[in-house]
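S.K.: Sequence:
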Amino acid sequence: MSPNKVDQNTIKEWHFHTCFYHTNECSRKEAQALRDALVDQVTANPKNFIAVCNGMTTKELPGLEGKPPPMNLEPVGPHVSGSFETWVPAESFAQVLSWFTLHRGSLSVLVHPLTRYEREDHTTHAMWLGTPWVIDLDALRVDLVTPPLQYPELGYGYSASTNEH
Numbered sequence: 230m231s232p233n234k235v236d237q238n239t240i241k242e243w244h245f246h247t248c249f250y251h252t253n254e255c256s257r258k259e260a261q262a263l264r265d266a267l268v269d270q271v272t273a274n275p276k277n278f279i280a281v282c283n284g285m286t287t288k289e290l291p292g293l294e295g296k297p298p299p300m301n302l303e304p305v306g307p308h309v310s311g312s313f314e315t316w317v318p319a320e321s322f323a324q325v326l327s328w329f330t331l332h333r334g335s336l337s338v339l340v341h342p343l344t345r346y347e348r349e350d351h352t353t354h355a356m357w358l359g360t361p362w363v364i365d366l367d368a369l370r371v372d373l374v375t376p377p378l379q380y381p382e383l384g385y386g387y388s389a390s391t392n393e394h
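Quick note: to get my numbering, add 229 to the position in the sequence shown (first position is 1).
FYI, nobody ran anything at the bench for these hints, they're computed from the structure.
Do not rely on the hints blindly, as some may be mistaken.
Straight-line distance between alpha carbons at most 30 Å, and here's what the computed BS3-like set of lysine-lysine pairs gives [said to hold, decoys possible]: (1) K276 - K296; (2) K288 - K258; (3) K296 - K258; (4) K288 - K276; (5) K276 - K258.
Please model the complete structure; the sequences and the hints are all you need to start from.
M.R.: If you want it as structure tokens, here you go:
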């Protein structure tokens, strides 16, 4: 979908950032286990549970071309500790939110929309599963001009055809 056709009143893509203490081995292992369980969930339900995180390939999600970002074993961007990002289109938002709610354990998860307003997305428009963590707002832009379109090859979120899904 071209940026000028994006409905500015409808959120169609989300990030789930799972936060963990990068200097704590137990916390890192818990995050890795959650990420592995997420990959297994997508593999078992690739049409009904769409989520993209590190470790996924075309085997788990046919059509995936982009390489998901790595599991951050140190602070990256606005995140002040370790984290891993999961991209979720609106088509699977409720299922993925339910899954994270039930399986996150002691980890906190920042859930935010992907719009052109990065700072607002990570603050005003964000929600947390678990205890909120501090984030570095200086690492975020105020206005991207257009929303980031992630994994358009999958045909979900902002890239979905109005006749599909």
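S.K.: Confirm or reject each hint.
M.R.: Results for each hint:
Taking the CA atoms of K276 and K296, the gap is near 19 Å; set against the 30 Å cutoff, the hint holds. With a C-alpha separation of about 24 Å, the suggested pairing of K288 with K258 holds against the 30 Å cut-off. A hinted pair counts as satisfied when its Cα atoms are at most 30 Å apart, and K296 with K258 qualifies at roughly 22 Å. A threshold of 30 Å between alpha carbons decides the hint, and for K288 with K276 the separation of about 13 Å falls inside it, so the pair holds.
For a cut-off of 30 Å, the pair hint linking K276 to K258 stands: about 28 Å separates their Cα positions.
Going through the hint list in order, the structure satisfies each hint without exception.
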